[in-house]
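K.L.:
This is what each chain is made of:
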Amino acid sequence: MFDNFPLWPVRASSGAGNVDALYIFLLALSAFMCLAIFTMILVFATMYRRRRGIEAEQIEGSTPLEITWSLIPLAIFMVIFAWGAVIYFHERTPPRGASEVYVVAKQWMWKLQHQEGQREINELHVPVGRDVKLIMTSQDAIHSFYIPAFRIKQDVLPGRYTTVWFRATRPGVYHLFCGQYCGTMHSGMIGQIVVMEPAQYQAWLSGGGTTGSLAASGENIFQQLGCPTCHRSDTQGRGPNLVGIFGKPVQLEDGRTVVADEDYVRESILSPSAKVMKGFKPIMPVFQGLVGEEQLNALVAYVKSLTPSPSGTAGGPGSAPAGTKSQDPKE
Amino acid sequence: MSEHILSSKLYYAIWIMLLVLTVVTALVARVDLGPFNTIVALVIATFKALLVVLFFMHVKYTSEKLTKMVIVAAVFWLLLLLALSMADYTTRLLS
Amino acid sequence: MATAAITAEREHYLNNEYGIRSWLLTTDHKRIALLYLISITFFFFVGGFFALLIRLELLTPAGDMVQADTYNKLFTMHGQVMIFFFLIPSIPAVLGNFLVPLMIGAKDLAFPRINLLSWYLYIIAGAIYVHCILTGGVDTGWTFYTPFSTAFSNTKVIEAGIAIFIAGFSSILTGLNFVVTIHRMRAPGMTWSRLPLFIWAHYATSIIQLLGTPVLAITLLLVVFERAFNLGIFDPTRGGDPLLFQHLFWFYSHPAVYIMILPAMAVESEVVACFTRKRIFGYNFVAMSSILIAVFGFLVWAHHMFVAGISLYSALIFSMLSYLVAVPSAIKVFNWTATMYKGSISFTTPMLYAFGFIGLFTMGGLTGLFLACLGIDVHVHDTYFVIAHFHYIMVGGAVMGYLGGMHFWWPKISGRMYPEGWGRLAALLVFVGFNLTFFPQFILGYMGMPRRYWQYPPEFQVLNVLSTAGSTVLAVGYLLPMVYFLWSMRYGKIAEDNPWGAAGLEWQTTSPPPTFNFEEPPEVTWEAYNYEQIPAPAEVQVER
Amino acid sequence: MSDSQIAVEQHGPELLHHFVDAEQQRDAASLGMWLFLATEIMFFGGMFCAYLIYRYWYYNEFAAGSRSIDLKWGTINTAVLICSSLTVALGVRAAQMGKRKLLVVLLLLTIVFGLTFLGIKGLEWYTKFEEHHIPGHSFNASDLEKPPYSNGGIDQQHEQIFFSLYFAMTGLHALHMIIGVGMFIFLTYYAWKGRYSPKYYTPIEMGGLYWHFVDIVWIYLFPLLYLIDRKPLG
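Protein chains in written order, with this note's numbering: chain A, 1 to 331; chain B, 1 to 95; chain C, 1 to 544; chain D, 1 to 234.
Note that these hints are calculated values from the structure, not bench results.
Accuracy of the hints is not assured; some may be wrong.
[Said to hold, decoys possible] Pairs of lysine-lysine, DSSO-like flavour, derived with a Cα cap of 27 Å: (1) D:Lys231 x D:Lys146; (2) D:Lys99 x B:Lys60; (3) B:Lys9 x D:Lys199; (4) D:Lys99 x D:Lys231; (5) D:Lys101 x D:Lys121; (6) A:Lys111 x A:Lys133; (7) D:Lys128 x B:Lys65; (8) B:Lys60 x D:Lys199; (9) D:Lys101 x D:Lys231; (10) D:Lys231 x D:Lys72; (11) D:Lys193 x D:Lys121; (12) D:Lys231 x A:Lys275; (13) D:Lys146 x A:Lys278; (14) A:Lys133 x A:Lys278; (15) D:Lys199 x B:Lys68; (16) A:Lys281 x D:Lys101; (17) A:Lys248 x A:Lys275; (18) D:Lys146 x D:Lys72; (19) D:Lys121 x A:Lys281; (20) D:Lys99 x B:Lys9; (21) A:Lys133 x A:Lys106; (22) D:Lys99 x D:Lys128; (23) D:Lys231 x A:Lys278; (24) A:Lys281 x A:Lys248; (25) B:Lys9 x B:Lys68; (26) D:Lys199 x D:Lys128; (27) D:Lys99 x D:Lys193; (28) D:Lys99 x A:Lys275; (29) B:Lys9 x D:Lys231; (30) B:Lys9 x B:Lys60; (31) D:Lys128 x D:Lys72; (32) D:Lys121 x D:Lys72.
Note that the structure is a prediction, hence the values are computed from the model and not measured.
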């Protein structure tokens with residue numbers, strides 16, 4: 001109904017409708033409250049305007065009334081809170097199997113890396129109906145990835161990953177804004193989200209000349225940096241075997257356990273001594289300043305792709321099936 | 001109007017206690033108590049702080065409830081800042 | 001008029017001493033209030049000038065009037081000037097300073113010299129900030145978010161940080177003075193339950209100033225240290241956490257909103273009581289709601305950080321707590337409305353501002369529900385929806401309250417009446433101009449226009465033009481009182497001691513009050529707002 | 001209102017005009033000072049908050065950093081500060097009893113203790129400077145021993161955060177000490193001049209409250225900075 005209404009943003013994702021529904025509920029509630037209060041004020045102001053000989057009636061107040069107009073709003077507020085919390089929880093829990101896009105924000109542009117290997121700047125192509133999870137980090141200040149048509153926004157922080165996900169429902173071109181003030185050309189840090197029908201998207205994918213999947217380029221970097229010397233595919237390496245490590249809990253020497261998520265892999269590359277796996281020595285060199293954010297993303301994608309082969313014998317880094325999609329992992 | 005004047009003996013006693021506690025806390029820290037090292041250190045520090053507040057700062061002898069209220073409010077607000085900030089930091093890994 | 005002639009001869013706080021020294025070295029809370037009035041008015045127009053430039057730039061989608069960097073400095077300095085140098089001191093330091101001792105029947109604030117010191121701190125801070133503006137300005141956004149402010153901005157962050165640090169201490173000292181004064185200096189018989197609601201709200205404000213401001217001070221100091229001495233506390237490339245800055249910053253800066261709005265609510269209660277000629281409905285609840293707002297206000301800060309990368313669970317906690325603070329605010333609106341029931345309402349300028357306040361504050365408060373709601377906030381956070389919301393609270397609420405209060409107590413402050421007709425016109429202009437400026441921004445925000453944008457997509461233009469048009473009306477509305485207040489100081493009708501027939505000790509002394517406020521030390525034997533015992537003034541218009 | 005009239009007529013020069021009597025003035029000053037101390041708690045509180053979070057994140061580095069600070073001097077300094085608190089408390093007592101010379105002597109002792117503390121603190125800072133433990137470009141913490149129970153090394157960046165907080169916290173504490181010493185110099189001068197009497201010693205009392213507060217901050221800083229991990233290295 002609001003699709004062609006110029007005062008309402010386009011609704012183009014699976015979550016946008018939920019947000020709009022709650023928004024309309026709140027609008028109606030607010031309009032009702034405003035109307036009630038303004039009418040009362042107007043009525044009182046007319047009925048009880050000052051007249052000669054008529055004194056104001058002194059009324060002390062009423063505790064039952066006070067309790068009523070405290071508790072009823074509180075109850076309504078709790079409903080709003082719960083409703084909003086459900087939407088938020090949904091927004092912040094990416095579904096399993098979502099395809100992943102790595103985002104690097106820098107002053108003042110967005111750099112995006114598809115799993116399949118495509119790279120884009122200030123533009124993101126996605127197919128209709130697919131869950132897309134964005135794994136984002138910033139190279140400098142804080143930015144914020146904001147797509148009004150999808151009703152999603154997430155700050156992009158330097159030094160760690162934040163994620164956001166969506167499922168586009170309508171083909172079209174939508175705004176991408178930077179939502180967090182980040183310096184001179186903050187307002188120029190904009191781009192577009194191109195939502196395509198799946199067939200068109202496939203065409204777009206095969207159209208761009210890519211250099212292999214993100215995980216494959218991650219593997220190249222892995223080799224170049226000499227990582228396989230220690231991170232071997234057996235248990236003999238000086239560093240842990242990375243196959244199948246992603247997403248699993250890791251036991252640390254001081255007794256703590258952490259989950260090997262994107263942030264852990266990232267931290268372990270940049271400052272390896274922070275959380276060393278039990279049974280290993282802090283001998284890995286620090287890569288802070290040696291690998292850029294985009295290379296880091298490729299490495300993370302590579303580590304993620306290292307799943308044990310079905311036969312049970314762990315596939316070494318060299319033999320891992322890197323790409324997960326139809327793309328050939330090697331050039 | 002003049003306040004109750006405390007005997008100097010009391011001040012010396014508190015002073016000795018504070019000095020002893022300082023040495024104790026430094027010595028206890030050298031013993032491995034696991035996570036209790038921190039707790040013991042903070043308990044001793046709080047006890048020392050209480051001694052200073054109650055006796056050196058005369059809060060034990062003041063008839064004014066307001067002073068105590070101000071102290072409690074300030075400590076409460078400090079804990080509020082710490083607790084609600086930590087509510088974020090301690091649960092980040094869960095989500 | 002015979003009384004007028006006597007009033008003119010009488011010695012009062014304005015004419016007992018002359019000369020610049022008698023003002024700059026005064027310890028009289030009323031004179032310090034006027035010093036504050038002059039200084040904050042200066043900053044109000046500085047901030048307003050920046051606002052107009054911002055609105056002019058946004059007339060067109062392209063960034064075609066000023067450079068991007070200039071625009072960034074404009075909104076940064078607009079925010080910092082308006083918040084730290086106008087809104088936070090506005091009602092407390094001017095009206096509060098003037099009225100707190102008068103209302104409780106004291107000769108002065110508890111620490112008159114500290115009061116003067118706090119004005120000097122404010123002036124030092126203001127001078128540093130003006131120097132910062134004149135030598136290049138600062139472009140971090142008023143929020144100083146790290147690591148942009150510590151590592152990337154090339155502007156005068158240190159200077160601005162130090163200025164606001166010092167202004168913070170000025171604010172702390174004002175709050176400290178109020179709390180001690182309210183506890184220790186009440187006249188005999190002025191019990192807590194007889195205090196005007198103005199005092200209760202200022203007490204609540206002072207609590208926030210005392211317990212919140214130091215956290216801002218240390219946070220800004222750490223930012224300054226980080227820039228100056230290379231500490232790495234907020235620097236993510238060195239293991240620091242930029243979110244920690246946001247936590248500490250909002251621990252103060254969310255309650256700071258209540259530092260601005262509570263005193264406006266204070267004015268509101270006095271004005272509504274006077275012009276309905278009634279005791280405020282539910283006195284106890286209105287008084288307690290001020291304290292509750294002050295306390296709950298500290299529990300909700302992370303609702304500014306729902307998309308900043310805080311944990312899911314703390315977002316849930318903070319969202320729920322945010323709704324708690326809405327309850328006492330709602331109680332106040334309901335009670336003011338109920339006070340009008342069976343009242344005897346007159347439509348003077350202060351009352352018009354009061355009506356405006358209730359309307360705009362209600363809208364600001366209700367849109368606050370949207371922002372505290374997690375699902376909605378993700379979409380509207382850092383868009384013009386937020387801008388519109390907090391301007392409804394801080395301009396629609398706090399500035400309306402301030403102007404209403406200035407009109408209400410102007411006879412007491414200056415001993416002269418302002419021109420009523422002009423006053424009503426200005427109130428109307430402010431109300432219309434305000435809504436025209438800020439209502440379109442709600443729509444812009446939901447459409448997705450981010451804040452702090454120097455250029456924007458063309459579909460947002462119509463609403464931006466409306467907003468800019470409104471801002472010019474608003475500017476006229478703000479300039480008018482400035483002109484006729486000055487005019488009235490010389491040509492205004494001499495004010496009686498109690499021109500409104502208002503309750504409250506401040507109206508029992510002469511207008512303007514003598515240096516020590518009361519000729520005879522007052523003794524209070526009545527409850528607050530005893531309007532049944534005070535005759536209605538004949539002069540106030542009976543019919544609309 | 002006859003009470004206040006009498007009070008006004010009888011009051012000494014130290015009673016300010018807007019107070020009804022000396023008791024009201026004294027109560028106001030005391031409440032004002034306590035409120036000021038409450039703001040000070042929140043002022044240091046911001047740093048304690050940062051400390052808590054980073055200690056939670058980077059415990060190993062905090063433990064290593066803590067071990068590198070000299071416990072001996074820290075303990076001695078704590079004792080020095082406690083002694084200064086004693087002399088202040090006794091000083092207030094001397095003022096209450098009107099013993100002018102004793103008051104002056106005790107205040108001077110407090111100043112000496114305060115300066116001793118600052119001197120030792122300066123020495124400790126200087127050592128850290130020599131060891132390149134000052135945050136900044138020349139920061140180098142590779143000499144720190146790693147915690148025995150962790151095979152993780154010391155992350156230089158995270159270690160720097162510990163030292164950033166160490167210098168910020170002890171620095172601001174020292175600044176408070178300097179302000180306190182300056183204040184006591186004035187108070188000593190006026191005490192020497194005989195301004196204070198058993199009827200009027202509020203400035204001494206308020207100065208004492210401030211000094212004790214600064215002492216309490218140190219009482220917490222000591223275990224939080226020096227005693228994070230002093231277990232024997234295995």
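K.L.:
If a hint holds in the structure, say so; if it does not, say that too.
P.N.:
Comparing the hints with the structure gives:
no., hint, verdict
1, D:Lys231 x D:Lys146, "holds (13 Å)"
2, D:Lys99 x B:Lys60, "holds (24 Å)"
3, B:Lys9 x D:Lys199, "holds (23 Å)"
4, D:Lys99 x D:Lys231, "violated (48 Å)"
5, D:Lys101 x D:Lys121, "violated (30 Å)"
6, A:Lys111 x A:Lys133, "holds (15 Å)"
7, D:Lys128 x B:Lys65, "violated (45 Å)"
8, B:Lys60 x D:Lys199, "holds (21 Å)"
9, D:Lys101 x D:Lys231, "violated (47 Å)"
10, D:Lys231 x D:Lys72, "holds (15 Å)"
11, D:Lys193 x D:Lys121, "violated (32 Å)"
12, D:Lys231 x A:Lys275, "holds (21 Å)"
13, D:Lys146 x A:Lys278, "holds (16 Å)"
14, A:Lys133 x A:Lys278, "violated (31 Å)"
15, D:Lys199 x B:Lys68, "holds (24 Å)"
16, A:Lys281 x D:Lys101, "violated (65 Å)"
17, A:Lys248 x A:Lys275, "holds (15 Å)"
18, D:Lys146 x D:Lys72, "holds (21 Å)"
19, D:Lys121 x A:Lys281, "violated (37 Å)"
20, D:Lys99 x B:Lys9, "holds (17 Å)"
21, A:Lys133 x A:Lys106, "holds (19 Å)"
22, D:Lys99 x D:Lys128, "violated (43 Å)"
23, D:Lys231 x A:Lys278, "holds (22 Å)"
24, A:Lys281 x A:Lys248, "holds (20 Å)"
25, B:Lys9 x B:Lys68, "holds (25 Å)"
26, D:Lys199 x D:Lys128, "violated (48 Å)"
27, D:Lys99 x D:Lys193, "holds (13 Å)"
28, D:Lys99 x A:Lys275, "violated (62 Å)"
29, B:Lys9 x D:Lys231, "violated (36 Å)"
30, B:Lys9 x B:Lys60, "holds (16 Å)"
31, D:Lys128 x D:Lys72, "holds (15 Å)"
32, D:Lys121 x D:Lys72, "holds (12 Å)"
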